[in-house]
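Got chain D sorted already, so can you dock chain S onto it with the hints?
So the protein lines, in turn, are chains D and S. Here the first sequence is numbered in the working numbering, starting from 1 and rising by one per residue. Here the second sequence is numbered in the working numbering, starting from 1001 and rising by one per residue.
Note that these hints are calculated values from the structure, not bench results. Since the model is a prediction, treat every value here as computed from it, not as a measurement. Among the clues, some could well be false.
Stated by the list, open to error - Partial selection, computed: residues in chain D whose CB lies under 8 Å from chain S: (1) 89; (2) 93; (3) 175; (4) 517.
All residues carry an ideal CB built from backbone N, CA and C; glycine is no exception.
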Amino acid sequence: MSATDRTTATINGNVVDVRRGDTILAAASRAGIEIPTLCAGEGMESEGGCRMCLVEIDGQRVQAACHTPITPGMNVRTATPHLKGMRHDLLALMLSTQPKDACFPDAKGTKFERLLAEYGVVEPTFGNHGTHTALDESHPYLRFDRDKCITCRLCLNACEQIQGQFVYAIEGRGGRSRLVFGATERFADSGCVSCGACVMECPTGAITDRDRIEIAPSRAPLHAAGKAVSREHVQPDLAADSVCGYCGVGCRVHIEAKDGVVLRINGVEGAAVNDGHLCVKGRYAHGYQRSSERLTTPLLRDASGTLRPATWDEAINFTARRLVELRDTFGPDALGTMTSSRSTNEAAYLLQKLFRSIIGTNNTDCCARICHSSTAVALGMTTGTGAATASYVDLDETGLIVLSGSNPTEAHPVIGARIKQAVLRGAALIVIDPRSIEMAHYAAVHLQLWPGTNVPLFNALAKVLIEEDLYDKAYVASRCEGFEEFKSFLAAQSLDDLSRLTRVPVELIRKAAHIIAKRGPGLFTSGLGLSEQTQGVGSVMAFSNLGLLTGAIGKHGSGMLPLRGQNNVQGNADMGSQPYSLTGYMKLGDPAVQSRLESIWGKAPPPEAGKTIPEMFNAAIEGKLKAMWIQGEDVVQSDPNTEHVKKALSSLDLLIVQEIFMTETAEIAHVVFPAAAVLEQEGTFTNGERRIQHVRPAVPPPGIARPDWEVIRDVGIAMKGLGSRWKYDSPSDVMDELAKVVPHLFGGVSYERLSGDGLQWPCPSPDHPGTRTLHTDTFVRGKGLFMSVDYSPPMDRLSREFPLVLITGRVLDHYNVGTMTRRTPSARIVDRDVLELHAEDAARLGIADGSRVRVKSRWGQTIAPARISRRVMPGTSFLTFHFPETGCNLVVGPNCDPTSKCPDYKVVAVELTPV
Amino acid sequence: MPHPSNLTQGILTKRIPCWPFADPKGRHIVGWDEYTATGGHVGLRKALALKPDEVTEEVKKSQLRGRGGAGFPCGLKWTFLPKVTIDASGKESNAGQRYLAVNADESEPCTFKDRLLMDFDPHLLLEGIAICCYACRIPTAYIFIRGEYHHQAKVLEKALAEAYAKGLFGKQGLLGGSMTGKGESFAVDCYVHRGAGAYICGEETGLLEALEGKRGWPRIKPPFPAIKGLFGKPTIINNVETLSHLPSIIENGADWFCKQGVTSTIGGPPSFGTKLMGVSGHVNRPGVYECELGIPLRTLVESKDYCQGMRGGKKFKGAIAGGISMGVLGPDQFDAEMDFDIGRKYNVLGLGTACPTVFDEDTDMVAVARNIARFFKHESCGQCTPCREGSGWLYQLMSRIEGGEAKTKDLDLALEVATSMGSMPGTTICGLADGNNWAIRTIINKFRDEFEKRVKPTFVPVKMTVGAGARG
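Chain D extracted, bound-state conformation (with noise of 0.2 Å):
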């Protein structure tokens, strides 16, 4: 059989569809034939450096597969006698570079050692001429093998093409090329940021993971070099698909379990969210699941007032008696709960229904007040709905990146990678922050603004695009509201008054006006740097009017896409944990809403808005709330303020934590229940781009811990009354719950659409799709509004006794106080907040590098030792909040946004003095 039409080819006989720009090795795979190859990577450019997948074609040379355009007519032969012979020469050739029994023919080894096998190179033909070299495990999460590295080169162009880190390089030429980590010797001193992807791609298992191995339970006999060689192939008896717990780009995982440990978290090639990539924390930083101090049983206050275990029964009727006897004598709004981003939306749905029907209050906050509160309140003002109008695909679409107060490559490292890729694709990026974050280096334009003066130079860059012109006028004309106010409101202003406010010159102002104009429409993506400001909302609606007058919002490729910072806090805040509006963001109040409710859940909430979590801990003061229920959050360490956080929890007559870990919050509590992690729970979470998708368990939680919306749910029928109807066999049946709560929103969704990729809510309808990018036609609120921000100084004002500004955040390696990443391995990368500051700085202060510093403001003082970086400017500072012993929080006073309740984390007056 030949092909002889215009369209296919022929390999080994079958004839295969030619496709433009496809390789022979593409055209071949989805034949189903298979080529063999040692250095092509999926999605990724051709290296074709291991010459493996040599073909023979009708009439010309032998081409290399995965780099040889096929074309019409072609006939290929993939595996005759000639082609077989070459490739037993390359492996036995790959093979003697080796040392003695660094590799071997194994059937059910890696991919290298497979096709040692199957080509039947049993020895190494051309002898072993490698020397062996000392294995690196200086870093603590993956691990260098030399000798077995066969210089494929799929790790440096894993490290480019998916995580844009550039760690790896080849050195020396010919048969002396050997891969090197940058300018240094030791893994660990590399700039590898441990994503794993290298580790996916290592054919040779040269590069492997630390866990991988160490958590085998059959360990091999160590080499006779001394290397431990899993011998064993470990195979996990549990696999399920699940959903990262870490931040809100929601990556998804597969999760390798075996005898109820984890054995291994890679991320699900092709997903949506991530297809295949993960960063640190969600590939590595398991070990907390497994650790010794995870809570294993409910514990209940004694009358000596310590924390003694208790059964399940014991401690879910005391809750329930207490909370009805507090109900019944101060009233509903003596209670009051946070739900939990880091949960599931299962379980944050039936907490403020509990509150909100059994009990009876709105007082239902969470803890996206201390985040991204300002970006739902703005963004629900300007547009109609407080979530991102983009998706994260539109990152691979865009011309224009708008990056602001957001290190996505620490924070967000999927997408940080991704944005990254997509700048190196050719994207124009600019980056709108105080500090010389990594992306700063990406950027077209690094607009290094003074803290808190985001207002001014939004409205300087919309000054500039209206004054010259540069705005989409149709965009503005048929779709917005509000335009002509807004435009005389900046007319009034002057451009050098806005510049002198934020520092920024206005050459560079204009700049980036005329980038965004010239490369936009693009995406405006924001994180904490915005919102969690005394101007935290008047931030981000001046950042929308950007996506307004440059017709970014409702297109694809383009449109708002702020950050999330929790796995779940989008899901979260759609279950209704705020007190100023229901489920879904339904109004309080709305007849219809009420009657839908009280048919669902047998009594609508009251239609007074309740307390937010700032609100709540002051009434705890004031003795007007009696009762808290916190789950999942340690506020002592993450709220500001701790010394007036604690003394609020100690107010309370109840307390009830949901935990996984003892934490400082946890040990104030009269009620301690032991949760489930997510890896060892059922439920969903929606992340920033508004995907609700399926979290699966993999491993058993440790002792009686419960996941918990089922706490919940027996406490709420331990509570009698309406809570007698709660009934409820799994998270699916919360989900059909929901679904008929906020129709408009989930009624299409039920866990038997969430398999895969899941839905992007609004889905009205069970045949709806999901939705990719909102207000396409028109906003939801009618039409885009444009608001008019006035610049209003942070509250925590510098004077000469607090001259410098402290700004907080995270880092790559751990995730928010550390409750889980600082009991795993990441620990050895990173084991201490440190506090940066700039060298003008530290040289006037006497601060010298490593050297202890006080970091003092109006309401508290810490330590913390410096590091003089020039990741700040002059008088600027950063502290990460990652570790206890620092107490960062201590540092951060109460002020915040007066719409959003968002605390200033970004803008403390401080004095730093050497100690």
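Below, chain S alone, put in the same frame as chain D:
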């Protein structure tokens, strides 16, 4: 069959005294004034009066074949650049950024012909560059010169400064902003970029990588450089000698050029023009000679005009055809004609740089093979497995044979590896492994008895007097 030479003076070596036309003692660096006074820039002026496509057409008509080794037709290569559109009034669309990369990375062992041009007549090359840039609408040219050519780089840099000062290059347009056949002046910038000493950077795409500041690793083709080359832009890569031919071709016309050299006797494309041939090895007068293509090797070696016979009256044993990657000519191939047919007629890879290294009867061909293997092992870039690992292994094996430690089956293994390494182009990304294989394979095949003697236990050492590269 001796080749009758029509030449009465050098063409490329018009200003460089060479045997048989002049005594090399009179060599000196030709400056701008001397260059123009001796007929320089006539070709360029003539080219500028034409339209770019007319220049290309003339070069195509001359059938000038690349002098860097592969012999690809120069004019044809130029036509692979993206086409510009020309409207009814003759106005051209903007061709955009394109580059000319001048391959002056002359690193092939035994090859030293481009060096002569750069040593003494740099303005000839610069004129050639200007003609090529005009014909191909290229605004930027880089001369990528071998790192070891310190002196030549300095000569070029000085000549380039002179050319800028005199208005050949620079933003005012070629030759002081002369009006061109396009109806406007055409500006070209030219730079000298020095390599860092890797043979592989002479491979055209390795050269582009090195120019971009990266490791000189050859690129996967397609895309070809004429479509996506330096910095992702359309790029022409031409050898120094090729470009140096352009002024005389344009000045005298393609027909004049086609009168020199020979047509193919085997139905292939012709070998027109003169060629610089750098002869080294066991001859009485080694050096660079400008000859018409087609001159038999025997004539080149034995003629009193050229090498004046074998050194010490010894017998001819063999020769490296033209740069070691071309393989060797055997004792019975002394009459081989030095033209582009040589590959197919005498079982070598090709004419290469036409710089033969001649071996006399005392030469130890095993040592030659070992030395060649060592070179390729040293210069393999490490990108493709067969070359990276195979070249090292071949060197080990050749050393073993030379040392008398090898067995007969090792010889067959050597040929087998040579086969998987690149007997067929395509086995590796670039031609380096191919060159290694051709050299080793032709030596073993044409001198197999010498190798078989070495692998026998009754090994008797042979006196070793390798010519070029006895550093071994």
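Status of the hints after comparison with the structure:
Interface restraint check for residue 89(D): the shortest CB-CB distance to chain S comes to about 4 Å, inside 8 Å, so the restraint holds. For the restraint placing residue 93(D) at the interface with chain S, the shortest Cβ-Cβ distance is roughly 4 Å, inside the 8 Å limit, so the hint holds. Because the smallest distance between the Cβ of residue 175(D) and any Cβ of chain S comes to about 4 Å, under 8 Å, the interface hint for this residue holds. Taken as an interface hint, residue 517(D) does not check out: its beta carbon lies about 24 Å from the nearest beta carbon of chain S, beyond 8 Å.
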